[in-house]
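Protein chains: 2
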Amino acid sequence: MSQARMVQIEQNILSKNDQYAAANRNWFAEHGILALNLVSSPGSGKTSLLTRTISDLKSELELSVIEGDQQTANDAERIRETGVKALQINTGKGCHLDAHMVGHALESLHPDDGSVLFIENVGNLVCPAAFDLGEAHKVAILSVTEGEDKPIKYPDMFHAADLILMNKIDLLGYLDFDVEKCIAYAQRVNPGIKVLQVSATTGEGMESWYRWVKATQQLAVIGT
Amino acid sequence: MSQARMVQIEQNILSKNDQYAAANRNWFAEHGILALNLVSSPGSGKTSLLTRTISDLKSELELSVIEGDQQTANDAERIRETGVKALQINTGKGCHLDAHMVGHALESLHPDDGSVLFIENVGNLVCPAAFDLGEAHKVAILSVTEGEDKPIKYPDMFHAADLILMNKIDLLGYLDFDVEKCIAYAQRVNPGIKVLQVSATTGEGMESWYRWVKATQQLAVIGT
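As they're listed, the protein sequences go chains A and B. Sequential numbering of the first sequence, starting at 596, is according to our numbering. Sequential numbering of the second sequence, starting at 596, is according to our numbering.
Keep in mind that a hint or two might mislead.
No copy is singled out in the list; a pair is fine if it fits within one copy or between any two copies.
Pairs of lysine-lysine residues, derived as DSS-like cross-links and limited to a Cα-Cα distance of at most 25 Å, are as follows [stated by the list, open to error]:
| # | residue 1 | residue 2 |
| --- | --- | --- |
| 1 | 776 | 611 |
| 2 | 809 | 680 |
| 3 | 776 | 748 |
| 4 | 653 | 680 |
| 5 | 680 | 748 |
| 6 | 809 | 653 |
What the hints contain is simulated information worked out from the structure, not anything from laboratory work.
Turn these sequences into a full structure, and let the hints steer you where they fit.
Structure, rendered in structure tokens:
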């Protein structure tokens, strides 16, 4: 296939995705639902962070989860053990969730009006950056074990995200990871990005993340 | 001057501005200040909307204002009558505020920690779109008297803004203005943009704007 033809096909796919994303976004707005698209490398601790978040917030907010993985329903099972609704999407060979998959998942999951929907994307810092799911924000989870250069190596993702949860900070004492440099790199690709330092293991910093979710949820129920 | 040279100069100016904007943004983050950059055409009712907002919110939030105009200090005087701190920047021939001007204004204005700073930009839907002031959000005020096509005629501005206050909705009965079409145009250039319909004259819809400001201010005091 010629390169021009491949570019054309990619543009058509993204344009189609954007239409589905717009439909999801309208539906979230009508129902006052805050949708957060959680993106990261594999092994950033995304699912552990999410299960802790759910346990700590489920008494205050209505929550549900869409889990994206190439294979297995392990993550959705971990989430369901917390007592909230969760639906697994297996993408098979696909390396990201797309808006059409999420639209179908919504039909089965039925998130409540005024609730928070976490969409845990496939662990991948490249492709999910290009696919709008209709979410209010992409939240990037970056483990300090991955090195501080990730924001400039994967600029599309850190440009697309509004918040970084810098996870596993309980390990900082054992690593050669420069927190300030990582924040500076992130701000180079996205001047307005916010960074919260957290440990899903010890709970350190998680309270700031919960305050962020709660204030953002208040925004989701306002206006169009 | 050659066109290439003009483009080079413009790039240098924007790059310089971005450094000042980053310094402002860091300073806002350190002090937990929410900075909102209010942009619009001339005559959108921006100052009236701002004075009403201040009167209604000043008992709940600490507020201050930077006013940008080519000439006159009339607007800062209108704001000071509400009892909050205001500083006027006259841009002279300049058609927008830049981050360096705002940095200097901060030194004189001394906004309080945890406060909300409104920056009323020069009435202009073009140039202010390109100049980051270090704000958390650009808020575009669009009067329904201006016609619903403004978002697609000034796409840079509506792409850069996170919220539209669709003002003067008390006049909708007298105008041929299609609210839904205007929202669709705005979402075409910026799928995630939020739209609130308000009238600074009658007060209709202003409560949603105030809830947005208060939830957004809560976000400003969280994290880096």
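Hints, one by one, checked against the model:
no.: 1; hint: 776 to 611; in the structure: between (38 Å within a copy, 21 Å between copies)
no.: 2; hint: 809 to 680; in the structure: within (19 Å within a copy, 30 Å between copies)
no.: 3; hint: 776 to 748; in the structure: within (14 Å within a copy, 40 Å between copies)
no.: 4; hint: 653 to 680; in the structure: within (11 Å within a copy, 41 Å between copies)
no.: 5; hint: 680 to 748; in the structure: neither (35 Å within a copy, 43 Å between copies)
no.: 6; hint: 809 to 653; in the structure: both (12 Å within a copy, 23 Å between copies)
The structure fails to meet hint 5 from the earlier list, while all remaining hints are met.
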